[in-house]
Each structure stands twice: as C-alpha cells, then as structure tokens.
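Chemist: Chains as they are written, first to last, in my numbering: chain V, 3 to 244; chain X, 3 to 244; chain W, 3 to 244; chain H, 3 to 244.
It is possible that part of the hints are untrue.
If chains are identical, the list can't say which one is meant, so a pair holds when it fits in one copy or spans any two.
Derived DSS-like pairs (lysine-lysine); straight-line CA-CA distance at most 30 angstroms [claimed, not checked]:
| hint | residue 1 | residue 2 |
| --- | --- | --- |
| 1 | Lys243 | Lys211 |
| 2 | Lys243 | Lys222 |
| 3 | Lys211 | Lys236 |
| 4 | Lys236 | Lys130 |
| 5 | Lys222 | Lys236 |
| 6 | Lys225 | Lys26 |
| 7 | Lys130 | Lys110 |
| 8 | Lys49 | Lys238 |
| 9 | Lys130 | Lys83 |
| 10 | Lys114 | Lys19 |
| 11 | Lys110 | Lys80 |
| 12 | Lys83 | Lys236 |
| 13 | Lys49 | Lys222 |
| 14 | Lys25 | Lys243 |
| 15 | Lys236 | Lys26 |
| 16 | Lys243 | Lys114 |
Please keep in mind that the hints were generated in silico from the structure rather than gathered at the bench.
Values in this document were obtained by computation on a predicted structure and should not be read as measured data.
Protein chains: 4
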Amino acid sequence: MGSDIRVTVWNEFRHEKKSEEIKKIYPEGMHTVIANYLNSVEGVMAKTAVLDEPEHGLTEEVLNSTDVLIWWGHMAHKEVKDEIVERVYRKVLNGMGLIVLHSGHFSKIFIKLMGTSCILRWREAGEKERLWVVNPSHPIADGIPDYIELPHEEMYGEHFDIPNPDALVFISWFKGGEVFRSGCCFFRGKGKIFYFRPGHETYPTYYDKNIMKIIANAVKWAKPVNGPNLSDGKSKEPLEKI
Amino acid sequence: MGSDIRVTVWNEFRHEKKSEEIKKIYPEGMHTVIANYLNSVEGVMAKTAVLDEPEHGLTEEVLNSTDVLIWWGHMAHKEVKDEIVERVYRKVLNGMGLIVLHSGHFSKIFIKLMGTSCILRWREAGEKERLWVVNPSHPIADGIPDYIELPHEEMYGEHFDIPNPDALVFISWFKGGEVFRSGCCFFRGKGKIFYFRPGHETYPTYYDKNIMKIIANAVKWAKPVNGPNLSDGKSKEPLEKI
Amino acid sequence: MGSDIRVTVWNEFRHEKKSEEIKKIYPEGMHTVIANYLNSVEGVMAKTAVLDEPEHGLTEEVLNSTDVLIWWGHMAHKEVKDEIVERVYRKVLNGMGLIVLHSGHFSKIFIKLMGTSCILRWREAGEKERLWVVNPSHPIADGIPDYIELPHEEMYGEHFDIPNPDALVFISWFKGGEVFRSGCCFFRGKGKIFYFRPGHETYPTYYDKNIMKIIANAVKWAKPVNGPNLSDGKSKEPLEKI
Amino acid sequence: MGSDIRVTVWNEFRHEKKSEEIKKIYPEGMHTVIANYLNSVEGVMAKTAVLDEPEHGLTEEVLNSTDVLIWWGHMAHKEVKDEIVERVYRKVLNGMGLIVLHSGHFSKIFIKLMGTSCILRWREAGEKERLWVVNPSHPIADGIPDYIELPHEEMYGEHFDIPNPDALVFISWFKGGEVFRSGCCFFRGKGKIFYFRPGHETYPTYYDKNIMKIIANAVKWAKPVNGPNLSDGKSKEPLEKI
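Model the full structure from these sequences, guided by the hints.
Modeler: What follows is the structure in structure tokens.
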C-alpha cells in the first residue's frame with residue numbers, strides 16, 4: 003500500500019560471515035531477521051542493504067525511497083565511506099528516521115549526529131540485562147511490560163557520552179552492577195533518531211518478541227512528518243529603512 | 003470504527019451565551035466548531051461536554067470512553083468542581099490525552115498537572131499573532147507551514163510559568179512586542195498533554211484551517227498508548243537475608 | 003558572612019524518636035547530622051526545623067531568611083498542614099531552592115510541585131545501591147567519582163511517576179534488579195528543585211562523604227538567583243486601535 | 003587569584019580591520035571589549051586570541067589554561083584549521099566551557115558539537131530586537147530584567163536547526179516579525195556550551211550592560227566542574243563464568 007512506512011535495514015554483515023557461532027544464530031544476517039519481522043507488521047515494508055554492496059547499498063535512489071533507516075555496525079565502522087555518511091546525514095536532517103542499534107553507537111553517522119564522543123563502558127560477559135520502562139506514555143513503550151529480561155547480553159554502562167535525549171524511554175540494569183540509558187529519542191533537523199542498546203551479535207536478541215515490538219514501535223515513531231521548510235529572510239512586517 | 007480516537011471536547015460555554023458579539027462567531031459554542039472539524043478527520047470521532055451539564059458532562063462513563071479530552075475554560079474556572087478535576091487528573095495520569103486551549107492555562111486541571119502558577123503576561127488589543135514552528139520533525143507540525151498568521155488575537159507573553167515542556171513545537175510573535183511558547187508537549191504519568199495558545203473567544207480562530215490541523219495532529223499525538231502498569235516491589239534477583 | 007547560602011534543614015523527626023535502632027544511628031535526628039555537615043562547608047550556613055515545632059518551624063520569618071530548604075519526611079506526610087505546604091510552595095516558585103530527600107517523594111509539597119503521583123516501586127531489603135553519574139558536566143556531580151556504593155539501602159524502582167527532569171544527574175542500580183532516576187533537577191517558577199533518593203532512616207547514609215558532598219553541591223546549585231519579575235501587559239510597541 | 007575563572011576570548015578579528023564603520027565601533031576588536039569587561043568582573047580573568055595568530059592563538063598550552071572559551075567568527079569560518087577545531091572539540095568534551103556568540107552559530111566547532119546544520123533565517127535591516135527571559139530561575143538570568151531591548155540588530159529567525167537545548171533562557175522578538183531561541187544551554191560530555199545570539203559587528207551590542215552581564219553569568223555557569231572520568235568495564239558484582 004502506498005502509505006506503508008518504507009524501512010531499509012542496514013547491516014555491515016561481517017560478524018555473521020566470519021564466526022561459525024554467530025552464523026548459527028543469524029545464518030542470513032541480523033538484517034534479514036529484523037526485516038522479516040518488520041514485514042510481518044501491518045503498515046511497514048522493509049528491505050535490506052549491506053556494507054559490501056555498491057555504495058554500501060545506500061544509493062540516492064534507495065535513500066529517496068526510505069522513510070526509516072535501521073543501522074547495525076561494529077567491526078567495520080571505519081570502512082563506511084565518508085560520502086555515504088554525509089548522504090545519510092543530510093537525509094536524516096531532511097526528515098528520514100534513523101534507528102541505531104547496539105554497537106552502532108560508535109558508527110560515523112551516529113557520532114556525527116550526536117556531536118559527542120559516544121563512548122561508554124562495556125564488558126562481554128554474557129550477563130543478564132533488564133530493561134525498565136521509564137516513560138510509559140511514550141509510543142515506543144506501547145504494548146511493552148514494565149520490564150524486559152534478556153538472559154545474556156553484552157554490558158554497556160554509564161557514563162554514555164551522548165546529548166541528553168529528547169525522551170528517555172528505557173534504562174537498563176546489568177547483573178554485573180551497571181546501568182545504561184538504553185532507549186533514547188532525539189529530534190534532529192526534520193528527522194527523528196532512536197538509539198536502542200540491545201543486540202550483541204553473539205546472542206539471539208533480535209528473536210525476542212518484545213525487542214522486536216520496540217523496534218517496530220520506533221519505526222512508527224520515527225517516520226517522517228511533512229514538516230515545513232526554511233523560508234527566506236524577507237521581513238514579515240514593514241520596517242523603516244535605516 | 004473501533005479504532006477511532008474518541009475525543010471529548012469540553013467547553014465552559016458561557017462567553018458564547020453572554021455576549022452577542024461572541025455568539026455571532028460561535029452560535030453553538032466553540033466546542034461544537036471544534037468537534038465538527040474533528041469529526042471530519044479520518045480516524046477521529048468527537049463528542050462534546052459542557053460545564054452546565056450534570057458532573058460538567060464528565061461522568062466516569064464519559065471519561066472511560068474518552069481517549070483525548072480537549073479543554074476550553076476561562077470565566078468559570080472556579081465553578082469546576084474539585085472532584086471532577088480530581089477525576090480528570092487521575093484519568094490523565096492513567097493515559098488519557100489532554101489538550102488545553104488558550105485561557106485553559108488557568109484551569110484547575112492544568113495548574114494541578116503542571117505544579118506551577120501558570121501565570122503569564124496578557125493584553126486584549128486584537129493584535130497580530132504569528133506562530134513559528136520550532137520543531138519541524140514533531141508530528142504536531144505535520145503539514146503546517148513554517149509560520150501561521152492570525153490577524154487578531156489576545157496577546158499572551160513570557161514569562162509563562164510552566165515547567166520546561168518535553169517538546170516545544172511553536173513560539174508566537176506578537177505585534178505589540180512579546181513572544182510566547184505557544185505549543186507545548188508534556189509527558190505526565192501514562193498520559194500526554196498539549197497546551198496550545200490560540201483561541202480567544204472574540205476571534206474566529208477555530209475556523210482557521212492550520213489551527214484546526216494542529217489540533218487534529220495533537221489529538222493523534224496524545225492518544226493513549228498501552229503502557230505498562232507499575233508492578234510490585236518483589237525482588238527480581240535473589241537477595242541474601244539481612 | 004552576608005553572602006552565605008542560608009539553609010533550613012527540615013525533618014519530620016519521628017522515626018528517630020520511636021525506634022531505638024534508628025535513634026542509635028541518628029540520636030539527634032537526621033536534620034542535625036545534615037545541618038552539622040553543611041555548617042562545615044564554606045559559604046553555607048544551616049539551621050534546622052522540625053514538624054512538631056509551631057507552624058512546623060516554617061514561619062514566614064524563617065522562610066524569608068531561607069535560601070534553600072531541605073526536606074525529609076515519611077510517616078507523617080499527612081500531618082503537614084496544607085497552609086504550610088502552600089507557604090513553602092509560593093516561596094519555591096518565588097525563588098527559594100528545595101532539596102527533597104528519599105521518602106520526601108511522597109510529601110505534599112513535592113507532589114504539588116511535580117503535578118504527578120510520584121509513586122514508585124519499593125522494597126526494604128537492605129540491599130546494595132550503586133549511584134552512577136550520568137551527567138559529568140553538572141555542578142551537582144562536582145568532585146564525585148563515576149559511581150558511589152551504599153552497602154545497604156531501601157530499594158526504589160522505576161517507573162517513578164515524575165515529570166521528565168530538566169537535568170538527570172544520577173541513576174541508581176539495585177542488587178535486587180531495579181534501576182531508578184535518583185538525582186533529578188527541576189526548574190519551577192523562579193525556583194530550583196533537586197530530588198535525591200538515598201537516605202532511608204535505618205541506615206547511616208547521611209554520614210557518607212559522597213552523599214553529603216552531593217547535598218552540598220545541590221545547595222549551591224539551588225540557591226536563588228535574582229531573576230526578573232513578571233511585568234504588566236502594556237504593549238512594548240505601538241498598536242493601532244481596533 | 004588561583005581560583006579565578008580563566009577565560010579566553012577568541013575572535014576572527016577581520017571585520018574590524020576591513021570596515022571603517024566597524025573599526026569605529028570596535029577599534030581594537032570585539033574580543034578586546036569583551037575581555038576588558040570580563041576583567042572588571044570579580045572572579046574572572048580574561049585573555050584574548052585571534053585567528054591570525056599562530057595556531058589561531060589556541061595552542062595546547064593556551065587551551066590547557068582556559069576554563070571557558072568565548073567564540074566570535076563569521077566571514078572566515080573556513081579558514082579555521084580542522085586540527086584546531088578538533089583540539090577545541092576535545093577540550094570541550096573534557097570539561098572546558100564554550101560560549102558561542104552570534105554568527106558563531108556557523109563555526110566549524112559549533113556545528114561539530116551540535117551535530118546539526120545550524121542554519122537559520124536572517125536579515126540585515128538594523129531592526130529592533132527584544133530578548134525575553136523564559137527561565138527566571140536559571141543562573142544566566144541572574145540580575146537581568148524581564149526583557150532587554152537592542153535598538154538595532156541583525157535578525158535571526160526560526161527554525162534554528164539545533165538540538166533542543168538542555169535549558170532555554172532567552173527568546174528574541176524582532177520587529178520584522180520573527181522569533182528566535184537566542185540563549186541556549188547545552189551539556190556535552192564533561193563540558194557546557196552556551197549559545198548567545200546578539201552581537202552583529204555593525205552595532206555596539208557588546209557595550210550593552212545587560213548583554214555583558216549575561217556573558218559574565220554564562221562564564222560562571224560554564225566553568226568546568228571536577229566531574230568523574232570513565233572507568234574501565236570491570237564487573238562491579240561477581241558474575242558466573244559462561
């Protein structure tokens with residue numbers, strides 16, 4: 003249908019090829035699992051793009067027909083070409099939604115949009131994560147219980163060096179003793195950005211029903227609005243000559 | 003349709019009865035004009051309620067079938083019974099959307115929800131107001147040009163004593179020299195609140211196409227989500243006895 | 003010195019009288035421990051006031067010479083007279099700083115200023131709390147390490163029903179599995195409010211060096227500024243008569 | 003005195019050399035006027051630096067002894083070397099305060115820290131600007147009346163493409179019909195940033211008493227705090243091996 007939200011799920015798609023363990027969890031890549039889920043959601047239509055495609059699969063044509071871009075990257079952040087980052091950046095400021103997942107916090111595009119270092123504490127110990135809803139009126143929390151448990155995840159801990167989010171929806175608890183602002187909304191230009199923490203490549207996080215519901219909610223929240231363009235500087239009221 | 007957003011447009015409905023001038027603009031009251039408009043919007047179904055009905059038209063039954071309540075009041079703020087204010091308050095914290103219009107800034111319900119005095123500067127001089135969009139990515143700005151002009155309005159000026167809004171969508175310019183934060187979003191409990199400045203009773207503001215589009219956008223933004231309830235305090239992790 | 007910040011530490015002072023266990027920790031009351039500490043801080047001068055004094059120790063005279071009021075209450079919230087709450091409320095909106103500690107989240111004054119229910123999850127299990135700094139640039143985090151551990155505290159968990167803070171400085175981790183926004187700044191009217199979670203009456207929390215440093219930092223942050231008063235509504239620019 | 007706030011006032015210092023009209027207003031440059039004022043404020047010690055000095059006057063040594071950097075630039079934004087921008091950027095995220103004035107909104111350093119385009123509407127018509135205080139409890143509003151008038155200024159209008167400020171202190175009214183968020187606070191990393199709109203080079207704005215009081219207030223607000231550093235990712239609680 004014409005009014006479906008058009009999503010492009012982007013993945014660097016390297017871990018899944020290099021590690022047998024990870025390949026077992028995501029044989030066709032995390033992007034495929036996420037896109038398949040989103041295609042089961044009414045009003046959403048998802049495609050995929052990966053790093054090793056020409057222009058990383060993010061041609062002007064692809065981005066022009068993308069309402070919301072989902073981004074997963076980690077080991078190959080540096081391989082993403084600056085001109086493609088610049089292209090995505092302009093699209094976001096012009097209205098395209100952007101959902102940055104997990105290790106995407108260190109992607110060129112996220113750092114550029116945040117303006118900060120985006121560093122955080124981290125630990126790979128397969129420990130338990132529990133995400134608490136801290137804004138139950140937010141559309142991204144729609145249909146989500148008061149907390150979600152993930153039995154095994156990588157730990158990300160504060161201080162997470164990002165601007166204060168325009169809305170904070172989830173805070174994570176980790177068994178090893180840390181907390182983390184794990185669901186963060188940002189308004190930037192005419193676009194909307196959601197950072198969502200979970201999704202380490204060695205755990206089946208993107209098969210979790212609630213995690214996927216949150217991503218679908220975020221897609222709906224991040225869809226572009228028909229916001230105004232900047233007009234010229236002509237005076238709206240008569241001014242005396244000086 | 004079952005999934006329509008159910009709106010109740012509440013009005014004290016006194017000015018329109020007392021003043022011939024105002025009656026000419028709104029012969030059946032401002033609430034009727036607003037409700038009629040909303041009933042022309044796909045996915046929205048509006049009813050009305052007024053101060054002089056039993057329980058001010060806001061019985062438990064009415065509120066239980068209200069997704070978003072719109073509030074216009076001015077000369078009779080004090081006549082609104084505290085028990086009805088309390089009822090509306092609980093509904094908002096439990097998820098019902100609330101849109102407060104113009105002089106509703108001084109209603110008991112708005113002051114209670116804000117926790118501040120809600121005072122502002124004001125002047126009735128029929129001057130020009132120009133509302134500028136300051137967040138073009140927000141769904142309430144959808145389809146709105148970069149500014150809207152109202153040829154004649156009452157002036158409201160800063161400092162407006164409200165908490166810093168969770169999102170600021172419009173700032174007004176007044177010919178007499180003032181500015182005002184005139185479109186303010188608040189998350190409160192499981193509910194969402196939008197304060198929208200325009201709508202003095204002596205001007206045909208609620209016939210303005212853009213003003214009504216903004217109110218319709220706000221209705222969609224403020225609709226309840228199925229957010230989580232607070233669970234008990236039982237420990238999620240094993241704790242040693244102390 | 004004339005420019006010292008004048009603090010009044012208010013305590014309901016009931017637990018310390020009723021329980022032998024608590025009396026051992028705070029023989030002269032929590033307020034005395036807090037005031038003694040603050041009197042050791044350069045530029046701060048602290049007095050105390052308690053519930054059972056006339057007008058709860060919060061006469062107009064006392065409040066007129068108070069720059070920052072600290073509030074600890076729990077079992078006797080209902081005994082605080084509405085007229086005193088109203089008096090404190092007006093002082094805060096007029097510039098007096100307010101620091102609300104621990105169970106003060108359910109005090110009449112805090113609920114009135116927040117406009118929300120202020121409910122939260124809780125558990126008395128003497129478990130470990132760890133407070134993480136999430137805004138290292140905020141003056142309330144000055145001189146504080148990246149986290150603070152309290153070996154035994156009452157648990158407070160999300161969702162904490164407050165407005166989104168104007169600045170979030172600390173998030174707590176609890177051993178039993180919860181997180182909590184435990185250091186929250188609010189601008190209200192001409193006043194500033196800091197909510198700080200720790201301080202259950204059965205633990206020696208107010209002897210902790212870092213906790214007390216945070217309270218002293220908050221006093222400095224919350225001190226009144228000489229902010230403008232609201233002027234009249236007279237036009238700043240010439241307007242045509244209509 | 004050791005505890006003075008050390009300010010470096012940076013100016014590209016080109017307009018003042020090229021235009022006779024501007025040279026008359028600021029014969030030794032805007033930076034000199036600002037620094038002289040700040041040196042008259044108790045607890046503040048100001049030096050200057052300009053574009054045409056080696057390393058733009060912003061050597062590691064200079065920045066290491068700078069608590070707050072003030073930035074004025076316009077016609078030569080592109081001449082600022084990327085390596086110096088990077089150096090200032092790291093200092094800000096590590097705690098140095100930054101005050102960006104007027105046309106500095108388009109400087110490389112401000113755009114990098116904001117992550118947005120920072121575009122705005124503008125007009126040079128020498129019209130009246132009136133700045134309204136919208137947060138009377140903020141220390142930057144200390145001692146400022148409810149509004150300030152500047153008889154002649156360049157117009158900057160919304161939408162100003164910046165992230166939503168962490169605190170909004172001033173909104174400007176312009177005679178020609180626009181509004182502008184003209185006093186904006188941002189927390190970034192361990193640093194604090196204040197954007198302040200006024201100060202077009204052809205008007206004597208930096209001789210205005212209130213404008214200068216605001217800049218002095220901002221210096222005090224932006225001074226570094228001794229915030230925590232990020233610690234390693236070692237587990238705070240025992241975790242089972244997996």
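Chemist: Give a verdict on every hint.
Modeler: We went through each hint and held it up to the structure:
For the identical chains of this complex, Lys243 and Lys211 are inter-copy neighbours only, at 27 angstroms across copies versus 65 angstroms inside a copy, given an alpha-carbon limit of 30 angstroms. When the C-alpha separation of Lys243 and Lys222 is checked against a cutoff of 30 angstroms, the pair qualifies neither within a copy, at 49 angstroms, nor between copies, at 39 angstroms. In this assembly of identical chains, the alpha carbons of Lys211 and Lys236 lie at most 30 angstroms apart only when taken from different copies (24 angstroms versus 52 angstroms within one copy). Within a single copy, Lys236 and Lys130 get their C-alpha atoms only as close as 58 angstroms, which misses the 30 angstroms cut-off; across copies the closest is 15 angstroms, which meets it.
Taking the shortest Cα distances, Lys222 and Lys236 never come within 30 angstroms of each other, neither inside one copy (36 angstroms) nor across copies (34 angstroms). For the homomeric pair Lys225 and Lys26, neither the shortest alpha-carbon distance inside one copy (33 angstroms) nor that between copies (42 angstroms) is at most 30 angstroms. Taking identical chains as interchangeable, the C-alpha atoms of Lys130 and Lys110 lie at most 30 angstroms apart only when both belong to the same chain, with a minimum of 29 angstroms there against 38 angstroms between chains. Within a single copy, Lys49 and Lys238 get their C-alpha atoms no closer than 45 angstroms, and across copies no closer than 38 angstroms, so neither meets the 30 angstroms cut-off.
Taking the shortest alpha-carbon separations for Lys130 and Lys83, neither the intra-copy value of 35 angstroms nor the inter-copy value of 46 angstroms comes in at or below 30 angstroms. With identical chains, the CA atoms of Lys114 and Lys19 are at most 30 angstroms apart within one copy only, with a shortest distance of 28 angstroms there and 35 angstroms across copies. For the homomeric pair Lys110 and Lys80, the shortest alpha-carbon distances inside one copy (8 angstroms) and between copies (22 angstroms) are both at most 30 angstroms. In this assembly of identical chains, Lys83 and Lys236 lie within 30 angstroms of each other by CA distance neither inside one copy nor across copies; the values are 39 angstroms within and 34 angstroms between.
Proximity of Lys49 to Lys222 under the C-alpha cut-off of 30 angstroms is found in both arrangements, the shortest distances being 16 angstroms within a copy and 28 angstroms between copies. In this homomeric assembly, Lys25 and Lys243 come within 30 angstroms of each other (Cα to Cα) only across copies, at 23 angstroms, whereas the closest approach inside a single copy is 71 angstroms. Taking the closest pair of Cα atoms, Lys236 and Lys26 come within 30 angstroms of each other only across two copies (29 angstroms); inside a single copy the shortest separation is 61 angstroms, beyond that limit. Proximity of Lys243 and Lys114 under a CA criterion of 30 angstroms is satisfied in neither setting, with 42 angstroms inside one chain copy and 37 angstroms between copies.
In terms of the numbered hints stated before, the structure departs from hints 2, 5, 6, 8, 9, 12, 16, listed from lowest to highest.
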